[in-house]
Amino acid sequence: MGQILQLRNISKTFPGVKALRGISLELNEGEVHCLCGENGAGKSTLIKILSGAYQPDEGGEIVFDGRKVVLNPHLAISLGIQTIYQEHIVFDTLSIIENIFTGSEILKGMILNKREMRRQTVEVLRYLKSDLDPDRKMGELSSGEQKLVEIAKGLVFKRRVIILDEPTASFSAAEIETLLAIIQTVKQSGIGFIYISHHLDEVFKVGDRVTVLRDGQKVSEHGMEGLTKSRLIKDMIGRDPSMFYQREKVEIGEPIFEARHVRGQGARNISFVLRRGELLGISGMTGSGRSELMNVLFGSARMDFGEILIHGKAVRHRSPKAAIRNRMCFLTEDRQNTGLFLPQNIAQNVASANLVNGREFVVLPSADVRKGNEYVKRLNIRTADSRTRVVNLSGGNQQKVVLAKWFNTNGEIFIFDEPTHGIDVGSKQEIYQVMVELLRQGKAIIMVSSDLPEVISMSDRVLVMKKGEITAELSGADITEENILTHSIGDSVI
Amino acid sequence: MSHAQAADRNTAVRESIFKRHENLTPLLIFVGFILMIVLLQLKTQGLAKYPTFISPVNLLNIMQQVAVPGIVAVGMTLVMLSGGIDLSVGMLASLVSIIIAQGISTWGFGVPLSITLGILAAILLESLMGFIISRTKVEPFIITLGGMITFQGLALLLSNSREVILNGELNFLKVNLIQGSKDPVTGLNLIIPPYVIIFFFIILVAGLVLRFTKYGRRIYAVGTNPNAAYLAGINVKNMRLSVYVIMGLLVGIGALLLLSRINVGIVTLGQGLEIDTIAMVVIGGTALRGGKGSMLGTLIGIFFLGSIGNAMNMLRMPSEVQFVAKGLVVIIAVSAGDVSSKISAFLARRREQALARKAVSARPAVDGAE
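These protein sequence lines map, in sequence, to chains A and B. Our numbering numbers the first residue of the first sequence as 1 and each following residue consecutively. Our numbering numbers the first residue of the second sequence as 1 and each following residue consecutively.
Looking at chain B on its own, in the form it has when it is part of the complex (with noise of 0.2 Å):
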């Protein structure tokens, strides 16, 4: 017995520490490439005329373009923690962004029911999808993808295969709150638009929940092993029925915000969506399989995703090369974590060996017993 117990205290303390804090592996990807950037800026730094990325007018242009993308991956990690997934986020974003848009412009119902409407209507129709997944055993994966090609058809569907051009009537979501205040480093006006405050006080929220709240453990339980979790008593139907409808009030709000940015509703609108906020999640360290993840790790897939494009932007990269770079981040950035977990795992395993080896040399093997 004292072999045994010697080699349980040694593989539990010297876990990795990368084991230990999942967030770390993409941290340190993201701390590597922003020391990538810094040393490119520093090459190209007699290019005065253009911004350099550590700049404030440049860290704020980069939550502009993250934030709407981030409030769905928000959502996306809620889904993915449960055990689930949402390729629906996209053209669903597109179809609330319509409804809204004929509201206000076609239907005449004013600004704020078109909002409400909007923002109901996501969260009836993940809620749909949420329950057959939570009452059947249909993979995910295919009834949102189901859900996409509706949601599609039916974008196409209220716009007449259209663009909706609306006339600023959302444009309160974009003032500048900052109205006035010039960047020091370049002279550029700075903007938050309320946008942005809304995107990190749901991230904070959402985080909170899920790290203080018995709703936020029963999260991470359905999502680990929802066999356990149903014999602990929790109601694994309905918690995975509630992600998507989450989901669903996310996306409906990410939609309204990405409507004011653009002011056209129109069904390319949420095109890739999907693929973005996945991606962000999964650089986060959340497991697709469940259970694995948290926000903190979704705010650093977030920001290095934006940056990503934005850094490459700055140095007049072609949009088609972004694709690759986007691409093989998140296969360097989760295939990381998985070999530093095989690697701890391989030294756990050989320490054990070596105590075994001593016990068995010490004491020769017992007789009898089960």
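Next comes chain A alone, as it looks inside the complex (with noise of 0.2 Å):
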């Protein structure tokens, strides 16, 4: 089998980051690849460079068909490399076979082929056994079917190298088992996959080489014979012990929260405790059902099944007006369209989650913003003074606006969910100093996150979760990559 594709020496630099250092990688006709690493380890960069969206740094090449090619997005698809991406990108009211074609069709003179167009589809989707019928809309299809048609799609443009990037997180388990037969079948056409998932069992089900990034280093090339789980799983962890932060502990005091057998958004049997004083990180792929558990706790979305207390008495969250009322905070991932309102000054946004507390109808900007102007001081967020409109503030700032306006409901539970995502370092170190000065106080904190030495770092437990339930609870000396990674992807459910 020959070579299609080739990285040598591949490396790429933020501003400030070094997001890939000296990646080398290979891929055969008929080859699938896997690639596999934590969060932020430098896969979607590494894929980004592949599909022509980002430009590697000087002295990386790629070698395309044995051809040195500097690659754009265009030059990407027209040397037949297709990136299906984890997030859709597809037109939901078009019809499967106008998805496939547009930007591309077929044309009789002046005229659209659509004859053709759909005798390539059938004979596509028959290739793959598929039943599909070409003329369905595409928002009607399951996330399964619509990553189907993408690779058809791949097929009736006799592509060279598909690029999967997470494609099962949404799927039901017979639909996994689908796609990696479809990826059996396809590769012995000669196209090569780099699949990237942190499901293990796929890799090991559909891979034929492993390589495992990370920090944006390569670690590791493994074909697949012999190869076990927890050999690639030590080759993630071991991070660069200065990306964690030392933490001072605080006493915990009695019960503040409890979930009892939470069931909601694809979260089932949830149940825990969080006591005064205490951080439970709850960590997890994403997809896991995290985010949606945080939502169904704070009332945002509909819960089930279950029971919430709160000091000892169980409590209703129709909405979150009435989880703020309990002193409930949530600081949500993401914090441009769920947390703030960027056209705003800061004095306003501090204002927000508190007008559901109080009596009082009238509100005086001017206090308002002196009010934010403490905030800005205590907090030290930088800017001339709480008039200052949000939208200008960079992401660190933002997320202190965020913890501002929380902090003044005078809540005492706090929800995280990823708190210094897209966060410079400096900010990093000021949030967790503010995190620890909650606990101090007698708060207890949730926090969700993706970035591990953020959760092993800052968590007096951790939840591990899978698949929207609890897989492990890890406390103390416990706490530590390896348990948590075996936990969140290594043992299988399918």
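Keep in mind the hints are simulated off the structure, nothing from the lab. Here the structure is a predicted model, which means the values were calculated and not measured. We put the CB at the ideal spot given by N, CA and C, even for glycine. Worth double-checking, as some hints may not be accurate.
[What the hints assert, rightly or not] Computed Cβ-Cβ distance ranges for the label pairs, DEER-style:
no. : chain 1 : residue 1 : chain 2 : residue 2 : range
1   : B       : 35        : A       : 384       : 26 to 36 Å
2   : B       : 238       : A       : 73        : 52 to 62 Å
3   : A       : 357       : B       : 131       : 25 to 35 Å
4   : A       : 93        : B       : 245       : 34 to 44 Å
5   : B       : 116       : A       : 362       : 26 to 36 Å
6   : A       : 384       : B       : 318       : 23 to 33 Å
7   : B       : 128       : A       : 318       : 19 to 29 Å
8   : A       : 108       : B       : 141       : 35 to 45 Å
9   : B       : 171       : A       : 318       : 49 to 59 Å
10  : A       : 377       : B       : 35        : 42 to 52 Å
[Unchecked claim] Where chain B lies over chain A, by a calculated footprint (3+ residues, C-beta under 8 Å):
no. : stretch
11  : 100-113
12  : 311-324
13  : 361-371
Each chain sits in its own coordinate frame; assemble them with the hints.
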């Protein structure tokens, strides 16, 4: 089998960050090459280089069919490199045929050659052993079927390389089996796959070769023979100690929040107790149902079953309003879309979550500005004063505004969803300090994070989630990268 | 970190003056417009028998002309700030005027009961639309468009497609509060009817509510980012509903005042009211996508649009030309605000780039860390 693609010594530097260092990688015809690594290991950056979206630093080379190429998105596609992203980029209201051919329609003179486009689509679907109706609207298909259509597109246009980024993230077990079978079929035709997944089961079923990345470096490359899951996990862990944060421990008090058998939004049978002064880390891969669970606890998504107790008393959160009145705070993952009012100023943002508390009708803007200024000072938000619009702040300072907004409600049960996502190192440390300060005041924190060093250095206890369920509870010396990874990706459910 | 810090401070402090004071753009255009009028006036001053633009009698005239659309524009500001729109106000005003007129002249309900009935009908119909808008994902544009057509039909049904004439039963709403005073310039009678006072009262109260109450804050929050508003504990659905309820009340009052001025309940009474009020609100700097704008801006917009018609009448321009002028004013006023914010964003970016360059040349890129 011939080699299609070769990466030599690829590095990528962003301002202040080295995302990739000297990666080399090959892909042969008819081969499935898997990429493994934790969140932030550099997988996504590598894909973006392959699809031409990013240019590698000087010194790196990409060789396609024996020729050196400088990729851009257009060239990547015309060479036959197709990237299928985790999020579907499809036209929901168009049919399967139209989705495949939009942008490269087959023409007969000036008009569309619909018959030919249909013929090619049907032929490929039949080859994939699929009975999908080519006229179905893309929006009606399940995510598994949508992936299949994207692979079909690769076949129609005779692509050479198909890159799959976390393809099974929202799949049912049966859909995963189908997809893996399709990949086995399609690779017979000589197409090479780069397959990225944090489900090691899939890697073992479909892969011919595995490369492990960690902190932007290639750690190892394995053939499948004799390879074990624990070996892969060992390669993925062992991150740079400078990434860990030394946290001061706080005395842990009485229970303040309890979930009993909570179910909803894909989370199943979740039970745990949270105590004063405790930081409970929740770990798990994207799609494991962590954020959904947080929405259920906060009342912003429906709880199908179960009970929530605050100070030992059963409560019902029909809306975030009820949760806020029970002194809960929710710092969401997507702060720009769900946490902040970007065009408004800091003072208005700080006041926003507290509007549901208190009985007074009149609020003075000048009082808000004064309060805003207090938080600007206290949290070291880098700006002139609280009349600055939030849209003009950096990510770290925006996150501090979100913090201020919740401090202002006088809450005591904090949910942090990815608290330091997209935040520079300096602000990260400051946010950690603020979290410890909260614990010292006897408040409690639930922290959802994909950043393993963060989970390990900050948590008193860690719950590991996988497919909506808690698979492990770790505390003390058991909180290690190896244990967390083993429980979040290692063992099979399918 | 230090250069990010510097860049933060820089963009924060030196925003364009247009961006910081969103009312400034329409105000400047308005001032320019007035200057132009004054110049024209000086040229035509020889024609002494026409009242001049800037004279007490004419200013009071403008107030009488803008009072009713102004009251509705207050409601429209609230609706648009919350991220909605209401196309039905014109036909709803017609419908309400017909209900009140019929109540007084045909059904014999008497004046107080007829007025109550008309205003309650307006509140009810707007609440229905608001209910649908707040509980479904259907665009307010579509719902209120449907409302507009329905109200037109109802108005025609109730009036048998005819006009309903009053015998001055509502004249108490247009008595002159300053009977006997004369304009020192022209010697004409000065008139301030109660509805002008009502208009100023309503816009003042609405402005204060918007700026100084929790309710006002929530409107801005819902219009700026409904997701974040929901997660901040705000009942987004009820907020959306409430602005339409208020709109109903204001349209009801507006229709009553309109009827008192014209004395005839007819389906064309409110025609074009939605266009005028939306134009006033957007000239005042309120964004169609919600969350941005103010009552002060709307006040400027109301007088701006009202003055155009008045001034052009004075210059004896035909009404056809007035439409063109009003339309152009809307386009210019709204794009001017955006252009100025684009310019200031461009300048801010340039400053930031210069700062970043300086930072990079002073210190080589840091290797490692996330």
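How the hints compare with the structure:
One distance hint, 26 to 36 Å for the beta-carbon pair residue 35(B) and residue 384(A), holds here, with the actual separation near 35 Å. Remark: the range hint 52 to 62 Å for residue 238(B) to residue 73(A) is contradicted by a beta-carbon distance near 46 Å. Under the hint 25 to 35 Å, the C-beta atoms of residue 357(A) and residue 131(B), about 27 Å apart, fit the expected range. Against the hinted window of 34 to 44 Å, the Cβ-Cβ separation of residue 93(A) and residue 245(B) comes to about 35 Å, which satisfies the hint.
The given range of 26 to 36 Å is respected by residue 116(B) and residue 362(A), whose C-beta atoms sit roughly 30 Å from each other. The hinted window of 23 to 33 Å between residue 384(A) and residue 318(B) is violated, with their beta carbons roughly 52 Å apart. Between residue 128(B) and residue 318(A) the beta carbon distance is about 25 Å. The supplied range of 19 to 29 Å therefore holds. Remark: the range hint 35 to 45 Å for residue 108(A) to residue 141(B) is upheld by a beta-carbon distance near 40 Å.
Distance hint check: the CB atoms of residue 171(B) and residue 318(A) are about 52 Å apart, consistent with the given range 49 to 59 Å. Checked against the hint of 42 to 52 Å, the pair residue 377(A) and residue 35(B) passes, with Cβ atoms roughly 45 Å apart. With 0 residues carrying a beta carbon less than 8 Å from a beta carbon of chain B, the stretch 100-113 of chain A misses the three-residue requirement, and the given coverage is violated. Only when three residues or more bring their CB closer than 8 Å to a CB of chain B does the claim for the stretch 311-324 of chain A stand; here the count is 5, and the claim holds.
Here's how the stretch 361-371 of chain A fares: 5 of its residues keep a CB closer than 8 Å to some CB of chain B, so the rule of at least three is met and the hint holds.
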